[in-house]
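*Asks:* So the chains spell out like this:
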Amino acid sequence: MSDVGEHAFIDLAGITKRYAGVTALDGVDFTVQPGEAVCLAGENGSGKSTLIKIISGVEKLTEGRIRIGGKDRPVLNPRISAAAGVMVIFQDFSLFPNLSVYENIAFATQLSAHRRLYERDKAREIAREALDRIGVKIDLDVRVESLPVAHKQLVAICRALASQAKLIIMDEPTTALTEKEVRRLLGIIRRLKEDGVAVIFVSHKLAEVLEVSEKVVVLRNGKKVAEGPASEFDTQSLAYHMTGREMPETPPSAVPAGAKTLMRVDNLAKQGSFADINFELNAGEVLGITGLLGSGRTSLAKALFGLVAPDRGSIQVDGRDVATGDPIAACYAGIGYVPEDRLTEGLFLSQSIVRNVAIGRLDKHSGSGGFLKASAMIEEAAGWLKRLKVKAPDIDAPVQSLSGGNQQRVVLARWLSRAPRVLILNGPSVGVDVGSKADIHSIIRDLSAEGIGVIVISDDLPELLATSHRILVMRDGRVTDEVAGNSVTEEELAHRLAS
Amino acid sequence: MNKWVPQDFWTRNETLVSGVIVLFCVAATLSDPLFLSVTTLSDLLRASIVIGILAIGAMLVLVSGGIDVSFTAIAVFAMYSATVFSLAVWPDMPWPVIFLISTAIGALLGAINGVFIAFFGLPTLIVTLGTLSVFRGFLLTFIGSQRISALPPEMRDFSRGVIARGTTEAGSFYSFPWALAALVAVIVLTWFILHKTMLGRSIYAIGGSTESARRLGINVKATQFFVYVYVGALAGLAGIIHGSMGRMADPFSLVGLELSVIAAVVLGGARLIGGYGTLTGTLLGVALIVIVQNSLIVVGIPTTWQSVAIGLLILIGTGVPAYRAKRAATRAG
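In the order they appear, the protein sequences are chains G and D.
Last residue of the first sequence? That's 499 in my numbering, and every number before it is there in order.
Last residue of the second sequence? That's 333 in my numbering, and every number before it is there in order.
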């Protein structure tokens, strides 16, 4: 192994990190060769973020040895680490929305040159070189705020390259990207590797980056539980190592025959978003709706809950018309909606966990004179948190302190406390780790078994296959296909999606 | 697209404000042909000097992602203290020294804001609301609350110095005071800092995203501290110019003007969320506010309507671009 360590760009040995008694990392060895791509997998709390923070010099280690670029680094801070060529691209990219593309790319480089004066032409040149290196054309003068997410990511990569990156660490690089953008990103990663730049992917969704990776390292509870060539891993084995348990996804049990129609959508249309949407949803049925980004699936999801006003068409629940374009009417008709982006659309982040659930039932707990019967309401909310197994040390803690999976359960608990007839879940497991994802799927199955109609809108095909009885495929705003959940494979479904 | 017209030309605040200014001037000229004259120009320019320097400072703070409401208190504090000091120590003190003292006092008071904001990390509005009151109270309690009209002679001399003066054919008098050069100097210096130094780019970067700036290794504290010291110094300079040109050191003046100044800056396209703001926009905003304050009467609107007009301008001038941006965002989503 010493030979490997000799040439490795990153060579960590016996890394242990303790925070006030809690062991976040326990004797982890980790190496990255120049030009190598490594997948670092693990659930929330597995220690992967801590490991990244140690490599980038943000956190000091308790025990162990760090070598970067062949040199021992007994003292490490973000500046030393960056000077050695370690660049982290955070999930939010850490760009300046108000500045131009070229300035964003060149800022760090110019800063590290310790010049007082700002050279505009030099900055443009640095930016152009970096963009050429990954073979991408982006208007240099445009403000970053007006770029699509995929381009922002490319700008962040260029910024790392401009700073002489030898290792780029990417946090959740594919979550916000479409299929096509992921392909382009992978192409760029290949080019970087040929240039000798190493990459570490930190991700929940690893299947997409496995094909460009040489090595996979899986952490669980602070320990390295698996390491090996990427070719020896697949989604299933990754999930197994990350969670430590086998998770065969049981397909949903059949809808009871003669179930009555819960929801009926007729000729729903909105100019430029979707058209001719017709479907029925039975009690106890899980209906999947899928489509690529831009297929209109998100607009449709919002329209079903009244967040987008359709131009035409009607929605009925239990045979009664629901006013379209009015989320409050949808609520009272018994429709619940769990949004795609729970952070901005679904939760009151700084409010307590229990209040986030209780808000759904404010009107049911108003007493005489409009005063709130708070204790009964809180008690009820706490009951729902328990039923959905929300892991929280303290239900009065702000909801933002929870992991993605637990946050999603809080949103679900809020809706379930209202006893909805139809629950619409838009991307139910986006940003949720593998273990929680399986739990959410089993919650969906339980709900349908209780007779609730569930609509799952997602581009995660395995998720749809694991939960849905029926799947509608959308393209260009229209439903182009309807398939039974147990009759297709993932490949077939992917083919129907793209063709 | 024409190379000389930026892509966002028609949606920029600068364009909107210029348009309103032109419209106003046309209307004013139609109702009073004498409006379009060197005299009006010199009056308006004269009125723009103090508010212009203050606005440039306020713009810098907005760009850095903060807001400062204490600069008028700093201005009047610096002006009055420098005058009192000069009268007590050396009445014949040359005006550049008095100006320097006032600017230095301003910088010092700005540094107090800077310490609270940059080093203790307190919210800028709360800090400057506090210091606004403290500076003003301190001035009136400990330094003086009397108007001083017997200024040091050098200050009077400064206000008499003109670049050009004369009488128009219609017989009205005009003059361009040297104080205008101070405004120009401040514009040039600020332009240089904002566009030609890493410090200036860091101010924009911090306004865009403080967290990203920190991760990138920008010295956020030092940059913020600089901003408040610089704004304080500009306020000190504006204060002493205000005193000299008004030929009176009035401890009750200026305070209350801060919202008009911030309004001018916001009209010029600076955003309260930070990261956005240009010198051109700021100066256009100042021009518009000054025109409204001085010439509303020309188009037949009573001066009592002044604040209504300014309020409407802010609502329309900042509301229209904001509404358009929101519409565009909804369409994109």
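Any given hint could be a false lead.
Here are the simulated SDA-like cross-link-like pairs (lysine to any residue), alpha carbons at most 20 Å apart as the crow flies [what the hints assert, rightly or not]:
(1) K193/G with A230/G
(2) K326/D with E345/G
(3) K326/D with I273/D
(4) K326/D with A309/G
(5) K326/D with E145/G
(6) K196/D with E345/G
Simulated from the structure, these hints should not be mistaken for laboratory data.
*Asks:* Which earlier hints can't be squared with this structure?
*Replies:* 6
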